[in-house]
Amino acid sequence: MLRLNASFSKKVPIEGQDYSSQSYHASVEVEIPDGLSPEQLRDRIHDTFGLVRDSVENELGGQASALPAPAQPSQPQQQPAPAPAKPTDAPASSKQIHYLTTLALDRGMDLRALNGTCQRDFGVTSVEALSRRQASELIDRMNAREGGSRQATRRAA
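Convert by adding 5 to the 1-based position in the sequence shown; the result is the number in the working numbering.
Just so you know, the hints here were simulated from the structure itself, not pulled from any lab data. Treat the hints loosely; a few may be bogus.
Straight-line C-alpha distance at most 25 Å; calculated DMTMM-like pairs for lysine to aspartate or glutamate [as the list claims (entries may be wrong)]: (1) Lys15 - Asp59; (2) Lys100 - Glu44; (3) Lys15 - Asp145; (4) Lys100 - Asp59; (5) Lys100 - Glu133; (6) Lys16 - Asp111; (7) Lys16 - Glu44; (8) Lys100 - Asp23; (9) Lys100 - Glu20.
Small disclaimer: the values here were computed from a predicted structure and weren't measured.
Modelling step: build the complete structure from the supplied sequences, incorporating the hints.
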């Protein structure tokens with residue numbers, strides 16, 4: 006297995022302040038199989054980088070110039086209310102989220118499509134908003150669609 010690290014950083018000027026900016030960064034590490042052709046490897050790198058870049062852009066909401074200055078109190082963005090989770094439901098683990106994004110990449114999905122699945126199936130805004138139980142269910146579904154093994158699912162949970 007090869008390890009691929011992809012990261013994306015973006016500096017956004019702070020409106021009304023000269024020589025000031027806010028910096029945003031995301032990175033992900035994924036494992037890819039050995040023996041890929043140079044073209045397949047390029048495609049995997051491109052897809053992985055696109056996932057990270059889209060994640061940063063989605064977090065910024067595509068409105069870089071509308072970001073408030075750090076000294077000003079920020080207004081929470083209006084987002085659809087997540088589906089009610091049981092009080093005992095813990096948030097998805099970082100391993101579950103990482104595994105879900107890896108599964109999505111393996112199946113040709115980008116972050117937008119994965120988040121759309123989370124919203125449609127669980128009523129949450131993104132993969133990061135899933136509960137541990139919901140993430141486990143989605144992992145099982147994605148593995149079942151592609152004939153994935155239960156052993157791989159257990160490693161991620």
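Task: Hints the structure fails to honour - done: 2, 3, 6, 7, 8 and 9
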